[in-house]
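Undergrad: So you can see what is in the structure, the chains are spelled out below.
2 protein chains.
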Amino acid sequence: MMADVSQCRVGICGLGTVASATYNLLTRYAPLIQSRTGTDVTVVHVGCRRDHPDCDLSNVRVSRDIFDVVRDPEVDVVLELIGGTDPALALVREALATGKHVVTANKALIAEFGAELFDLADTNNVSIRYEAAVAGGIPVIKAIREGLVGNEISRVAGIINGTTNFILSEMEGVGNRGFDEVLAEAQELGYAEADPTFDVEGIDAAHKLTILSTIAFGVPLEFEAIYTEGISQVTVADIRFAEQLGYKIKHLGITARDGEGVELRVHPTLVPNSALLAQVSGVMNAVMVTSNAAGETMYYGAGAGGDATGSAVVSDVVDIARDHLGIPSAGYGASDMTTLPIKLIEDIESPFYLRLTARDKPGVMASLTSILSRYNISIESLVQRDANADEVPVVIITNRVRESAMNAALAEISEQSSVTGGITRIRVL
Amino acid sequence: MMADVSQCRVGICGLGTVASATYNLLTRYAPLIQSRTGTDVTVVHVGCRRDHPDCDLSNVRVSRDIFDVVRDPEVDVVLELIGGTDPALALVREALATGKHVVTANKALIAEFGAELFDLADTNNVSIRYEAAVAGGIPVIKAIREGLVGNEISRVAGIINGTTNFILSEMEGVGNRGFDEVLAEAQELGYAEADPTFDVEGIDAAHKLTILSTIAFGVPLEFEAIYTEGISQVTVADIRFAEQLGYKIKHLGITARDGEGVELRVHPTLVPNSALLAQVSGVMNAVMVTSNAAGETMYYGAGAGGDATGSAVVSDVVDIARDHLGIPSAGYGASDMTTLPIKLIEDIESPFYLRLTARDKPGVMASLTSILSRYNISIESLVQRDANADEVPVVIITNRVRESAMNAALAEISEQSSVTGGITRIRVL
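Read top to bottom, the protein sequences are chains A and B.
The opening position of the first sequence corresponds to residue 72 in our numbering, with each subsequent residue numbered one higher.
The opening position of the second sequence corresponds to residue 72 in our numbering, with each subsequent residue numbered one higher.
Derived by calculation from the structure, the hints in this document are not laboratory data.
The reader is advised that the hints may include incorrect statements.
[What the hints assert, rightly or not] Reference listing, derived: stretches of chain B covered by chain A, where coverage requires no fewer than 3 residues with Cβ under 8 Å from a Cβ of chain A:
| hint | stretch |
| --- | --- |
| 1 | 102-114 |
| 2 | 371-382 |
| 3 | 439-450 |
[Claimed, not checked] Which bits of chain B does chain A cover? Going by a derived footprint, with three or more residues having C-beta under 8 Å, they are:
| hint | stretch |
| --- | --- |
| 4 | 218-230 |
| 5 | 401-413 |
Every residue, glycine too, gets a C-beta built ideally from N, C-alpha and C.
Sequences are here, hints too, so could you generate the full structure?
TA: So this is what it looks like as structure tokens:
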């Protein structure tokens, strides 16, 4: 059954956290990989501006120009682990165009330029693999693409950014610490960047969700069409009200498909405590997939970190070494991709959590109820507190309603003189 | 990148719940499978004693003798979905010996006869695949074998039997219903067989754990060496005490590997509430894998049911159709399997939950403490209740201790005149 031991020669571009971990996994565990695959995977060339203290590069060719790796005729597979799109895009283009397989952990590159790169791989009869680009060490792309290959997938919902999940988990804890305070802690711990925008505003999650959507539904990558909302507006008050109602607030990427189109959205979401996703805390990631045959399956693990991400890179390298080349880059053959409209957020239905502050409670309840009912929005739960104060918070969970109807109702409600301050609304899973 | 459309001709043996679901998935979703794989997977022959009301067999050859399917020269892949070992073993032997690939959902067959069948597949240059044999629709074998291929796995712990998880989840609920009452309910709902022994005594979980151990560690299948304890002795009292201490009682399969050998054990286990495994309830399954690079990853989903199991069968068929034949049957090449001793349960260390009933509390606490300390067993937590009653329950969670030391200590404790009745002990994860 085992193929004869063949050689797969790897070139690594970059030597940061993920690349150095990958280098060490591939070199230290070469015998393990050979015993599980019958393939001799050898790193022959590393391109990096500077050495890494954790990596012994004495038995490998080292270049300071990463393009030397791509141009090395002895390299069969190029690992693009430098991140960003410049010069990663040029590097990957050149690798594919010259007949080398590519493995990358670069979510921005795939989400924004994947369509072009998949075509280029097809044309040149090579593979481009990117398991490490989504949810780090969790083999979720393999699970969707191969494990659920016979399933019609209807939804993928996931916690796919560890930074935001850490911040929300900490805000949930005792102490009532707000977003800014917890963000500062996350930065100290190395869980958030000095400029945290990419994570906390949801851009990183949007890149990953774009990729998941393509793999799950066979639709083109449409990063520019995704609806993205970050967590900087989530307050401890909302977390506490959600708790009372039996929910946790999680930052989710949600993509769903029905006959009309595809939902593609990243935003804070109330998740019922009974859902396993609600129990995923700290920096961990988890992706819940809903499909017709397997039902709900979930994949959980570390979404970042050198070793976890390196584990995913190694699995892609081994798949290529095993010559599993019959799997199309997007999980679907190029001619089998479906172009479906990406739904506008205004056209998507979900239940909503609403919080507003009101004076003159009897009056506000009457007007609230009448406005909501005019838009066919019914109330599933309601929390009122501090009933004797002048201004009271009113918290409502509605039934499923189209976002455009909710927008219209909220516009009317915000004009009521009894409603003071803004209205917070968070979608419910 | 896509291979040309090639044909993969499938023969199905059996037409029960799993087989009929598989038949329908393969026939109804053939276009989806082709779009994701470039392969035309066609069911050409079904062997079954009787038709199934859900299956339209009008376009397929049907035989009443399942061996006709194996002997059909047009069949490339045989799906063994009849269960049990007689005649499944003879059927699979003949299929492999005559050069046909085999996909099976039969955990007993693989756990007990896998070694022979893997050899036979190797010799005849064909594949035998069994994703559906473990945890139903969850692609956990693929995840371990391919997704974590570059990882040294140290432990696999899972809820791999839905019947026992359902019973324990129900016993946890309000109403303080005991094992017998909940078992009867599970039988009514179709979650437990009329003769539930196979599930509730842990044999089904033992079959699955044997397979997971081989896939994870590259050790031979050793079903006869597994330590197995069921859930029929678990009481509501234990579940309530565990709750107070911050644990849930789950029926786990645990296999771990260190330098000395392999742990292979199925038994009720206290799982800390903070572990995601503790949150997996009802008939759902989940497998937590601990490995050096990816860290902790978990795979969750439906462990049984026709469609979920069929989903796993289809994924194996597609892998074979894609010609992914470089993957050895056991996940490791035959010459790379490691023979490691399976540890005796007496040599395995874990923390223990102990519950006993005592008279004369001051006396019993003194003698308990002194006996435990003589065996170097320290107490992590202790719960006492009904302090004024004649007989009081004493509940202890110990530190990590070797099972043989615990056995010796418990033998001494049970001889104390102040200890009335038996001593319950449950291992802690």
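Undergrad: It remains to establish, for every hint, whether it holds in the given structure.
TA: Taking the hints in turn, this is what the structure says about them:
1. 102-114: n = 8 at 8 Å, threshold three: holds.
2. 371-382: holds (count 8)
3. 439-450: Result for this restraint: violated, n = 0.
4. 218-230: holds (count 6)
5. 401-413: With 5 residues close enough to chain A, the hint holds.
Violation of the numbered hints given earlier is confined to hint 3; every other hint is satisfied by the structure.
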